[in-house]
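Kindly generate the complete structure, drawing on both the sequences and the hints.
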Amino acid sequence: MEDTRRGTVTSLASLFPVEEAQKAANRVQDAIAEKRAELDHLLRFVADNNNLINLVHKLPEELSHEIMVPFGKAAFFPGRLIHTNEFLVLLGEGYYAERTSKQTAEILGRRGKALDSQVDSLEAMIKDLQAEANFFSQTITEAAEGLVEIREDYIEKDSHKEEIKSGPLKQHTSDLEKTEADNEEYARIVARMDELEKEELAAESGIDNEKDEQTTEDVGDISYQRPVGSKPHNSEDFHKSTPPVDQANNKSIATGSAEKHDNPDIADQLNFASLDLQSNVGEGKNAAAKKVKFVDHRKPLTHHEEKTVKATTASKSEVQHQPSQPSFNSHKAFTGSIVEHTENLKTLNGQSSSSTSSQVSGSRPSKPVSRFKMQRR
Amino acid sequence: MSSLTSAVRDLQRDLENKTNDLSKLQKDIAKNHQVRKKYTVQLGENELVLKELDLLNEDANVYKLIGPVLVKQDLAEANSNVRKRIEYISAELKRLDATVQDLEEKQNSKKDAILKLQQRIQSIQTTKGKA
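Which chain is which? The protein sequence lines are A and B, in order. Using full-length UniProt numbering, the letters of the first sequence map in sequence onto residues 1 to 377. Using full-length UniProt numbering, the letters of the second sequence map in sequence onto residues 1 to 131.
A hint or two may mislead.
With a cut-off of at most 27 Å between alpha-carbon atoms, the simulated DSSO-like pairs for lysine-lysine come out as follows [as the list claims (entries may be wrong)]:
#, chain 1, residue 1, chain 2, residue 2
1, A, Lys102, B, Lys51
2, B, Lys72, A, Lys102
3, B, Lys27, A, Lys23
4, B, Lys106, B, Lys37
5, B, Lys24, B, Lys38
6, B, Lys64, A, Lys113
Which chain A residues stay away from chain B? Per the calculated CB distances, all over 10 Å, these [stated by the list, open to error]:
#, residue
7, Lys23
8, Leu55
9, Ala74
10, Ile107
11, Ala144
According to the in silico footprint, chain A covers these stretches of chain B (three or more CB under 8 Å from chain A) [as the list claims (entries may be wrong)]:
#, segment
12, 34-48
13, 65-75
14, 78-88
By construction, these hints were calculated from the structure, which means they are not laboratory data. Yeah, the Cβ is synthetic: ideal placement off N, Cα and C, and Gly gets one too.
Shown next, in the form of structure tokens:
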């Protein structure tokens, strides 16, 4: 599925080097520890404050309290606590105020609220730091495992189609790339392809026997899989065969023009190549049947096709286009594209990249025959 | 070649000086931050005190702790004192802010100069290496 897309693969380890991530994680942990210590401090204040409030409430209950007064470091003497309702409250900055117990309690309450708000802000900060630490530890493990980040361009068209056929057809599609000649026709046929695909799917199960058909089907499928979007570059090789081919494909294979040759060739090749692969592919298509016949005839032509096809398909989609076209013409020979496949299959297996095949195809000169030869090698 | 090496040495000495200046600047900035923190805390405390003083009745007794002595103070007087202290602290903070800005700018320019020096040294060394 991804074949047509271009993407970059970056190892997470390169983006976030493990040691640095480790250091950053440690730093964050230290910051968290600091904040936790501060939080403890504040919580102790809060606890003290609450105790004080209770005491302040309790003291005025009696006129005077009997207590043991500390005397120096290691002595006490019995004494009495009087003026139980008068408190000298420290307001801050060395300022004291004389207040009653109720007023003192109020002051303490206000102080407690301020402390609580401080505690809340500290806790929020700790939470943020923890989230950061989690992220770091995660990236560390990921980088250690060797996870990679893969970015690909999003190609909208027909991506779902590709997925449908991705299985067996993948190989074929690579072959199809070469069939550039059909690109233009392919575009037109794409719409048709959908219909054909459905037919294929239905027929697939039933038609294992019809290998020929398979190949033709494959062509269609393959082309189908490839995203429609890529048709572009092949034009160079294509030039010759394309214009006529496109038209021919659209109309009918029978036209017998050069295009047809291409198609049948391709089809033949495809047939050969895809026979095994495509057993599953929906051969049931009517078009396939027709193609089969056609292909046989065209075999000699395939060479022709191959070359043109190969040259044209710089991109996978193109390949698809072409095969699809022939199948689309259905009933006619999708020829040309099929032929390509066989060639492509070999090359594909070796290179497993459309680009290589396209390169191969691209290198051919105007003469299709020469290309064919090159491909054969 | 020798001229190159001497040039490199000069540049390196220059680099050392600049790095020293930079570290000094950084220390100043750190000190500044500390002082700022202290002032900020004091400012907060004083504002609290002011709030409480406002809540007091007119006849309440206010004492100020001067050393070991607790001195009775007038409420109005205490109020004004606290207000003045708050103003003073805010002014100090602003001044410190300006200084820290200044210091940071200087620090950045020093960093740039150091970078450039380093690049020059590297380029000279590579040319020396080639030669």
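The hints, checked one at a time:
| no. | hint | verdict |
| --- | --- | --- |
| 1 | Lys102/A - Lys51/B | holds (17 Å) |
| 2 | Lys72/B - Lys102/A | holds (22 Å) |
| 3 | Lys27/B - Lys23/A | holds (24 Å) |
| 4 | Lys106/B - Lys37/B | holds (22 Å) |
| 5 | Lys24/B - Lys38/B | holds (21 Å) |
| 6 | Lys64/B - Lys113/A | holds (25 Å) |
| 7 | Lys23 | holds (20 Å) |
| 8 | Leu55 | holds (19 Å) |
| 9 | Ala74 | holds (23 Å) |
| 10 | Ile107 | violated (6 Å) |
| 11 | Ala144 | holds (33 Å) |
| 12 | 34-48 | holds (count 4) |
| 13 | 65-75 | holds (count 4) |
| 14 | 78-88 | holds (count 3) |
The structure shown violates just one earlier hint, number 10.
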